[in-house]
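Student: With chain A's structure known, arrange chain B on it following the hints.
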Amino acid sequence: MRRSVQKKKKPSDLFPCTIEELKKQLSTMLQDSPDLNFSTYTLGQKRVIVFYFTYQINKEQLHRSILDTLLASQDKTWDAKMIQNEVPLASSTLHDKLVSVAKELIQGGVGIYVEEDDQPITYYIPEQARRAVSRAENESLVLGPQIAFTESMVTNLNIIRWRLDTPEFKTEKLIIGKEIPTEVRIAYLTNIANEDLINTVRQRLEDLDVNDVMDSNVVAQLIEDRSTSIFPQLLTTELPDRFCNSLINGKVGIMVDKSPTVLITPATLFSFLESTEDIYFRWNIGTFLRIMRLAAMFLSILLTPIYVAALSFHVEVIPSSLLVSLGQSRANVPFPPVFEALLLELLIELLREAGARLPTKVGQTMGIVGGIVLGQAAVKAGFTSNILIIIVALSALASFTAPSYMMGGAIRVIRFPMIVLSGLWGLLGIFLGLSFLIIHLLKVSSLGTPYLSPLYPFHFADLDNSIIRLPWSRANRRPTVNETKKPVKFSQKEAKKKRDIDE
Amino acid sequence: MKIQLQVPVGIQIQAFYVFFLIHTTQVGTGIMGISTHIYSTAKQDAWISILVAGVWMSISVFCMGKILQQYESADLPGIQVDIFGKFVGKFLGTILALYFFGLLISVLLNYIEVIQVFLFPTVPTWLVCLFLLSLVVYAVLGGVRVIVGVSFLFFVGTVWLLIVLYKPISLMEWNHFLPVMGNSYSDIASGAFKTTYSLVGFEVLLFIYPYIQNKRKAHSAAQLAALGTTLLTLAVVVITIGYFSGPQLERLIWPTLSMFKIIQFSFAERFDIIAVGLWMMIVLPNMITAMWLCTHTFKRVYGLRQKQVLYVAAILLFFGTIVFQDRLQINYFTDKLATVGFYIAFVYPIVLWPIVLLKNYIRRKRGTSQ
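Line order of the protein sequences matches chains A and B. Take the first sequence: its position 21, counted from the start at 1, is 21 in the UniProt record's numbering, and no numbers get skipped. Take the second sequence: its position 58, counted from the start at 1, is 58 in the UniProt record's numbering, and no numbers get skipped.
If you're looking for bench data, these hints aren't it; they were derived computationally from the structure. Since the model is a prediction, treat every value here as computed from it, not as a measurement. Treat each hint with caution, since some may be false.
Unchecked claim - Label-pair ranges, simulated between beta-carbon atoms:
no.: 1; chain 1: A; residue 1: Asn-191; chain 2: B; residue 2: Ile-355; range: 52 to 60 angstroms
no.: 2; chain 1: A; residue 1: Arg-474; chain 2: B; residue 2: Tyr-166; range: 29 to 37 angstroms
no.: 3; chain 1: B; residue 1: Ile-11; chain 2: A; residue 2: Asn-191; range: 28 to 36 angstroms
Unchecked claim - On the chain B side, residues computed to face chain A include the following (Cβ under 10 angstroms):
no.: 4; residue: Phe-62
no.: 5; residue: Phe-154
no.: 6; residue: Gly-242
Said to hold, decoys possible - Some but not every residue of chain B turned toward chain A, in silico, with C-beta under 7 angstroms:
no.: 7; residue: Leu-135
no.: 8; residue: Tyr-138
no.: 9; residue: Phe-152
no.: 10; residue: Arg-305
Built from N, CA and C at the ideal position, the CB exists for glycine as well.
Same shape as in the complex, but just chain B:
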């Protein structure tokens, strides 16, 4: 397996697309219900938890940038093999690919459940799954250029949803945030931990890096994306906490979507229904990127043909989603996955950076002594 990945100029992308790629990979199903999760521990100080998580994410992105700087044009599967050797490197790569596969299942399940609750209570899971997966496969077949294009265009196509939030903002009750720092540090910390599920996805930087044309700007684009996602999450959580009362918020599963209920225009009422439909365009880039990451990692680690992996993964996903039947199972799976995601995205890069530095230092020393 080659450590460096040389990509022809024709399929390279500009660094500023990294912003959209990372942002759309982060924002997906997590943000629909994030407020309830954080509120359950950090209560009115949830916004502090998000800031903490945001800063931590920024540090992690910084470490990623530093790791990538050590190599000219490598990605994480390559770096792992370089650092830990063939066997351990491949093992870690497999874990990463399986993690992305799990991420796909969790996104699929969560979105399908939302559709079943808001739009069509009777629609079978496998049907929606088939729709989404066929779109995902169709997009991934187009390669990195199409995947990045999807995340860019779908971001532009859905970002206007923020504007309609002016209505709940005008109805916010600022007393809900008082008293500030009314909870213990451990509560806030565990709130920050719970935020991470909706922030994971920025590790895509470690995989897309060889495809970036102007690599020097990639780091700042990634930091910007991290900032953007933090601000978006912050805005959503602040609005939901201000808009809903505490006990009410604890009973809701998707407060972000419920908030859209009061928005109405002269030509459309019940905006939440439109929002849930439109959410498909928020979830799709998420799934498409995850699918690419999963299949690409398998290709890198085992040298398989990505097309074949893609088809097999799609079929497995299709049957994988049927296994899960109720909310509790989905929640359990999502929680476990969030923990894995936390270690992969928030801990692993910070640990990996010193190791990479040490290894390169030793190597350089050996090179000079010889």
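So here's chain A without its partners, still in its complex pose:
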């Protein structure tokens, strides 16, 4: 009997109570936070308490809207309903339980309670530390918009609405994380995006059973199809123009609060190699850039392994004229080619990692010291050959041309097993590795969409805007792989209409 009585004394049954009781209960619930501010006023016959976290709320709104209204006449006796009616703020909530009051306070609310009243009232006037919208740092562009997303979801939504001012743009709100909830939005254009795709994305996000998510990159890894793969399966970007362009082409975006990058799905291998700059450039230059990046990817993976294989096993493949200079430059090197190549690749990787971790000012110096001085010294000391330095530098440069940092990382890591394979079994090893890569890529999918599309399954029309770029008058289709509701952007007939001379 006694236990059931005790059970009934839950916070929900706290109200109505005295101000002291509320203070005590709330402080205990919020770990006696020193920043929890209580101020008590006696207005009319009753005492009124106003409480909030000092750093979580907008002080100006508190003073101007809440306190000014409450303190305007000293002899009015307030209750919750009256406060709701008279305070000129929209976001008021009445609470029955103390827990929900505490939750609101943490997120940036101000609580008001009239002594012996039934319900406390809260106003949501948060103040979040956020950085101003700035230039894109990681995916830098020469042409096109320079604006980048920030950590604040509100700011990001604001930027996207500015670019996509159509009522068809829709976001769905989901809360992920059991212990630390994070707001996640699924964004798409209702008249274009494929329903099945949206359902898949929603299903995957709803099924997540995690305590917290740190960043959008973590969300991407949580919902991807094949977690054993080295390849990223969702595109992360910090560029609003890229995000909006993807949505217009029928893709679905995922935005995560507290993260400066957004996710785009489905992503194919080729979408990681394209930059929005290709679109801003003229179509022929854009095509050239895209094919160059594709070639760079192959070069980056294959160049050093080919060097190692040729020098270790297949010397007869090297033309005699080249063999002389190769032999001269390798005459002083005491190591086998595999070891030499791995050493130098590791050096470049270390340089890159050091450059990324160091402050920008020191980072540049590091690049020069590492690149020029170390490289020169390594050759002089007989550690490596001149030619290998050229090859390694070339493949490192090639790997940096991937517009997605994530894909660049994948390409760089693939190189190491390829070098080891070529060092062990020469050309056989290279083709073994290459075949494995292709079969692997065939098996990967991004939320059900084949990763190698439009190459396999082959869609001739989709080659535009993935591997090449066509002039705008011909690019009248959305990618078929996205299975959009409106596959055609505009009529080809009108765009192609030929005019006679002087018409």
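Tutor: Positioned in the frame of chain A, the structure of chain B alone reads:
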């Protein structure tokens, strides 16, 4: 066992991939040494033998198409059970699966031998075998979609090898083909018979058919693949006969590969070494399809889990290749297998078609009389 095989739309493939699937299954190790084989009997008229074999293949593909038309969505193991009854049908299905297993062994052995001759004389057979088999198992685990993808992408990735043949073409001696029809009909016929080893593989159509989305176009895609392979074989044989002199050609084992020796660029000499490495990408789709056919047939006939069959088959193959030690054994095995392949791919469909027609005719008649 169900006669019809219903495949969910998600894993169905477009008919035009049938071209790549059939073509890559046909082209493999056979084409490396085909010229010597045909030349040994048909001499300078080898090209006629190939045309004869090509026409015959086309007829066989036509029969396959007609057989498949009789059913809505069936494959050969199902049709056999439907026609010959459970016992005989299953027995024939087992023979087919074992034949594909043998095909795998022969492809593996032949390619490994090429690697040992051209690239690494000391590399142990089991090591290369392990490499190739692990790739095959990895691909087959991905199912039909991945297998077809492999054959498509690897075809695109290797078809450029034809371009570098411009060099031997420019050095060809057209006198080697004279006199035309200088050999007896029986020689030419036996040359055509020898061509068949490098043409078998088109029977994959009888197995992949239920997986095709637009089944009406499958037949023409298969005919196109047969034509493509015939033309490719023809080109290779004509070039090798024109390029090598007769006695020289008879001494070579892999004339197609030897031909690559004279190709050189400013950045690479001895192109044959690169070609042998690249040949892995020609052989792999071949083996992957054969492995799928073998395991899929076992699954269809005995209702086993394909994954388990796959692992067991891979282990058996691994030990199977170690048994063979020298060239003579491999040749003997390949010859016997070629004969079996000839009957399965070139004779069986032509025989099966009238039987299927007769059976269906009888069945229809019974249906109407009842």
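Student: Please write out, lowest number first, the hints stated earlier that are contradicted by the structure.
Tutor: Going through the list in order, the structure violates hints 4, 6 and 10 and respects the others.
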